[in-house]
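All chains should be modelled from the sequences, with the hints used to inform the complete structure.
There are 2 protein chains.
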Amino acid sequence: MTNKDARTPASAQDEKSQEAGKSIGWHKAYVEGSRPDMRVPVRQVHLTNGQAVTLYDTSGPYTDPLVDTDVRRGLPPLRENWIIARGDTEEYAGRPVRPEDDGIKHTSPRGGLRNLDAVFPGRPRQPRRGRDGQAVTQLAYARRGEITPEMEYVAVRENVSPEVVREEIAAGRAVLPANVNHPEIEPMIIGKRFLVKVNANIGNSAVTSSIEEEVEKMTWATRWGADTVMDLSTGRNIHTTREWVLRNSPVPIGTVPLYQALEKVDGKAEELTWEIYKDTVIEQAEQGVDYMTVHAGVRLPYVPLTANRKTGIVSRGGSIMAAWCLAHHKESFLYENFEELCEILAAYDVTYSLGDGLRPGSIADANDEAQFAELRTLGELNQIAKRFHVQTMIEGPGHVPMHKIKENIDLQQEICDEAPFYTLGPLTTDIAPAYDHITSGIGAAMIAWWGTAMLCYVTPKEHLGLPNKDDVKTGVITYKIAAHAADLAKGHPGAQEWDDALSDARFEFRWEDQFNLALDPDTAREFHDETLPAEPAKTAHFCSMCGPKFCSMKISQDIRREHGGSRDEIEDGMAQKSKEFAASGNRVYLPIAD
Amino acid sequence: MTNKDARTPASAQDEKSQEAGKSIGWHKAYVEGSRPDMRVPVRQVHLTNGQAVTLYDTSGPYTDPLVDTDVRRGLPPLRENWIIARGDTEEYAGRPVRPEDDGIKHTSPRGGLRNLDAVFPGRPRQPRRGRDGQAVTQLAYARRGEITPEMEYVAVRENVSPEVVREEIAAGRAVLPANVNHPEIEPMIIGKRFLVKVNANIGNSAVTSSIEEEVEKMTWATRWGADTVMDLSTGRNIHTTREWVLRNSPVPIGTVPLYQALEKVDGKAEELTWEIYKDTVIEQAEQGVDYMTVHAGVRLPYVPLTANRKTGIVSRGGSIMAAWCLAHHKESFLYENFEELCEILAAYDVTYSLGDGLRPGSIADANDEAQFAELRTLGELNQIAKRFHVQTMIEGPGHVPMHKIKENIDLQQEICDEAPFYTLGPLTTDIAPAYDHITSGIGAAMIAWWGTAMLCYVTPKEHLGLPNKDDVKTGVITYKIAAHAADLAKGHPGAQEWDDALSDARFEFRWEDQFNLALDPDTAREFHDETLPAEPAKTAHFCSMCGPKFCSMKISQDIRREHGGSRDEIEDGMAQKSKEFAASGNRVYLPIAD
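Respectively, the protein sequence lines represent chains A and B.
Its first residue numbered 9, the first sequence is counted upward by one per residue in this note's numbering.
Its first residue numbered 9, the second sequence is counted upward by one per residue in this note's numbering.
It should be emphasised that the hints constitute simulated quantities derived from the structure, not laboratory data.
Each hint should be verified, as a subset may be incorrect.
[Said to hold, decoys possible] The following label-pair restraints were derived from C-beta to C-beta distances:
hint : chain 1 : residue 1 : chain 2 : residue 2 : range
1    : B       : Glu415    : A       : Glu175    : 53 to 59 Å
2    : A       : Leu74     : B       : Glu377    : 35 to 41 Å
3    : B       : Asp530    : A       : Asn89     : 52 to 58 Å
4    : B       : Glu538    : A       : Gln59     : 39 to 45 Å
5    : A       : Lys414    : B       : Gly275    : 31 to 37 Å
6    : B       : Glu171    : A       : Lys414    : 32 to 38 Å
7    : B       : Pro107    : A       : Lys414    : 55 to 61 Å
8    : B       : Glu534    : A       : Val273    : 32 to 38 Å
9    : B       : Gln59     : A       : Pro73     : 41 to 47 Å
10   : B       : Ala542    : A       : Lys414    : 42 to 48 Å
11   : A       : Gly502    : B       : Asp418    : 24 to 30 Å
12   : A       : Gly275    : B       : Ala542    : 20 to 26 Å
[Stated by the list, open to error] Computed list of lysine-lysine pairs in DSS-like fashion (alpha-carbon distance at most 30 Å, straight line):
hint : chain 1 : residue 1 : chain 2 : residue 2
13   : A       : Lys276    : B       : Lys286
14   : B       : Lys562    : A       : Lys318
15   : A       : Lys276    : A       : Lys318
Beta carbons: idealized from backbone N, C-alpha and C, even for Gly.
As structure tokens, then:
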């Protein structure tokens, strides 16, 4: 979304430039809301023609040179006063943090708590929850007709009226994930009437990666445009990693509580219990997790439906729950205790992301009986969640060939009463490991065009290993492309202005503007300079692709210059001539029979 | 396309392994046709479970350890005897090669001809053409009901009957580009009933790149899967570069003769004449160019239609012809002399690629009046070409948002009597320079699913610079993904077997098989080893993404092992139990009103 009229002081730009080195050409700005404490961040790109383009910004205070950030202190609690002012929450002692929360066994030789800051060094904070278990969710407020500061904030971000935001949330067609214990976030909204969003997964595994790396991946992902981040850590120090990520994240954080619960029973699925799971959900809700993937749709009777699949169950959570169901030959404890779970989430405004534990893991398994049986259950659970005023989105596949993608979104929208769809890809072929950001970017763009509200990114390392910083960037950029292509196809107001600004810069050979307007200015500049590094080339009316003699845009401009200065003049003059030509028959050959 | 039954001697595999180092796990094999001189190359992947998968192969003799290739000698003239045996062509002296052919001005201090092998060192060869100007095209043969060796060759390659190939060519729904002066090619076919093909552009510009580089890019592009290559050279030594590329290319070569013609008039569009253009077409036809982009659809009356565009005319050829039309205020000399051009192409079996000189260069200009006016003219020219038995395909955009893509292919198929559509992307957004292989890969997959026969790749350097070897590989791999995703969506027979083979390997943790079946085995292996380099990891039942405890596929397998060995056993046992559960009501919650 762009706003050509926006302006910004050059001084601020210079500061930013010096501070962020490569970021010359744009700076962080804020749009004021209806109150002084509501300043919505935007990315202002300064064009060499004096205009400015304003873009949606997810990078948080880290890109504001006037804000001094410190990961050990965490981000300022932007929403704290808004939450307190509502008067419907209370602080309480909260659940004590135990070594097991970090996956440390009592038998463990060296406790993880001892070898790093288990307790986040930032300001001490007691957890907060709804008074006497009342629902303190944006959904509850929206249904009551209240427009919260969070709703106004996203309205400014999306260039829509606050009432539209309230309506979409009230109808369950959009979610605004904002745990009362995560006041640091800059509110954002997920729904098909708004800009398509992108989630980036981070998280260490038992095999590799550290807390510092994960926090860095989170800030790096948001810098490139991730709208939310899921911490899928499964190894040691899982509680502590999450605390650091939450306190430093300007975007909503999602998790899969089942992973930590499994750690607490030493990875033995059959030893999982509702009590351990519930304790884990409360633990994470108190930390401030904004949305949680819950695989309550993986039911005992559906497991046999996966038996003849080519790749069985590929969702971690799905396979864990299937293993539990079979081990006990009982219905899923998540499905059986879903209403109690709703009460817990409602008290913190944790949003459901109902997981598709039976999503297909290969082209062969797409749109099969197992997948759609679970989807119907998710539709049922969505209605229950809504009864408890819990915001809910629905997760989707996975691996799906192009001709089967639309059926997924259409069915989900019908079965789940238009609840926001949140899909992983889908990957449109299985033959390109190391390029699954592309096999899935294709499917992601299509399913987003058709109504998916948020896309979970896939990195080049999918199926092969844990993504590093470069993979995270590649995954985010690829998915920002898919999301924006969908915004264009959906005719989202303002979406095309960004493309138009870049195309104008391209036609007018404003190279610096092309770089600064690009999703990834650094790489665009680097690629250009590989073949034409000299500064003059930045103003040259050609690039190394065609060379000066063959630049079609240069020739187009020459045409316009030589045949009338303005576009209108040339058109008038030429239109006249061409009319004469048309009058003369307008064709050289007679129609061909046969 | 795969053939699980195929087998291959281990010895041959070892040879290959030693020869090509990284290529362990697959080797070049041949499928015999109906005659000893017809050996159709395939890529045989050897799986660790003893099976083999046979894939389409475009890499030419370069990947055959038993063939000793030498770029200074060129490739063996595979088709020579087939062409001679038809007895409808004759050798002749041919047009003398002049310094101007290499862009050397008489005034030039050092003639390009002197500072490199202008005359290709390989075997001397006289050009060949149809006797007394008769059409020696595959279209003419197909219409006469003849199944040529070339047709049988592609039938074997595509796993279809030769009659299907003949029918599609005769109907003009497919082309088999094969200049009688390019006997080195391994015949391939372009049509919507066959596998979607990918073209890779190479070519130096006045600014950079050398002959050796271009030949290397061509062999590199075909190694990764390019089905045809276009030499878009525009600088010095253009004739000589083309000669080297042609003599060493196992795939059809396309060009845009207008580029060389413009060099001959020192880049002054207005000085172009039909005679200079015609002389250039004959020059290139004698060298063996298999298909030529001709911008005959850019007509005088259409130029004004581009005047109010955001990015004007972005096709080099289109802008050159527009400049010529305006300078003389005359109808295009290509349009006016199209019938004579048909006679020339028919005598060599050069295939038309009717260029879309007015394709949109930005999202804002997509599907506009200028683009579709030209398309209607291309439909008219297609019918004329068919009268002369010239094989013809139609070029398409460009920059098109997703919701406007289908209109392009549908209109083209209707207006051009289902002639093969050959599109550049289309790019689905303008905001990601440096990632336009992805912005366009999305559009390419969609338009191919809907019927486009060949996709012209876009590399990460598009809009920024001349692609290097890495960019060529990235562009080809991205487009092979788009093409295969489309083959899957079209339900092309055999297409899914490749995905299934890889998915089976994935589910069974056959890592080496996953790598060898991947579009890019080297990168897949490298990414895996980044986090788990040790050899044992190649047999491990997990990767670093989730670690051993969380591998969903491992859990799925455990489930199957523990609950009955075979998939059927587990299903029987579980189905029984789940029936009982279903009988008991199968749900925990009552339907929700509201």
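Evaluate the given range 35 to 41 Å for the C-beta pair formed by Leu74 (chain A) and Glu377 (chain B). violated (49 Å)
Using the C-beta atoms of Ala542 (chain B) and Lys414 (chain A), is the stated range 42 to 48 Å upheld? Since Ala542 (chain B) and Lys414 (chain A) have Cβ atoms about 43 Å apart, the given range 42 to 48 Å holds.
Using the beta carbons of Lys414 (chain A) and Gly275 (chain B), state whether their distance is inside 31 to 37 Å or not. Given a distance of about 49 Å, which is not inside 31 to 37 Å, the answer is violated.
Starting from the range 53 to 59 Å, see whether the pair Glu415 (chain B) and Glu175 (chain A) falls in it by beta-carbon distance. With a Cβ separation near 33 Å, Glu415 (chain B) and Glu175 (chain A) fall outside 53 to 59 Å, so the hint is violated.
Just tell me: holds or violated, for the beta carbon distance of Gln59 (chain B) and Pro73 (chain A) against 41 to 47 Å? Because 60 Å falls outside the window, the suggested range is violated.
Do Gly275 (chain A) and Ala542 (chain B) keep their Cβ atoms within the hinted range of 20 to 26 Å? holds (22 Å)
Is Lys276 (chain A) close enough to Lys286 (chain B), meaning Cα to Cα at most 30 Å? violated (77 Å)
Asp530 (chain B) versus Asn89 (chain A) beta-carbon gap, inside 52 to 58 Å or not: At roughly 55 Å between Cβ atoms, Asn89 (chain A) and Asp530 (chain B) fall inside 52 to 58 Å, so the hint holds.
When you take the CB atoms of Gly502 (chain A) and Asp418 (chain B), is the distance between them in 24 to 30 Å? About 29 Å separates the Cβ atoms of Gly502 (chain A) and Asp418 (chain B), which means 24 to 30 Å holds.
Range hint 55 to 61 Å (beta carbons of Pro107 (chain B) and Lys414 (chain A)) holds or violated: holds (58 Å)
Glu538 (chain B) paired with Gln59 (chain A), Cβ distance criterion 39 to 45 Å: Since the Cβ atoms of Glu538 (chain B) and Gln59 (chain A) sit about 43 Å apart, the hinted range of 39 to 45 Å holds.
Holds or violated: 32 to 38 Å for the Cβ distance of Glu534 (chain B) and Val273 (chain A)? holds (36 Å)
When the structure is compared with the earlier hints, violations turn up for hints 1, 2, 5, 9, 13 and for no others.
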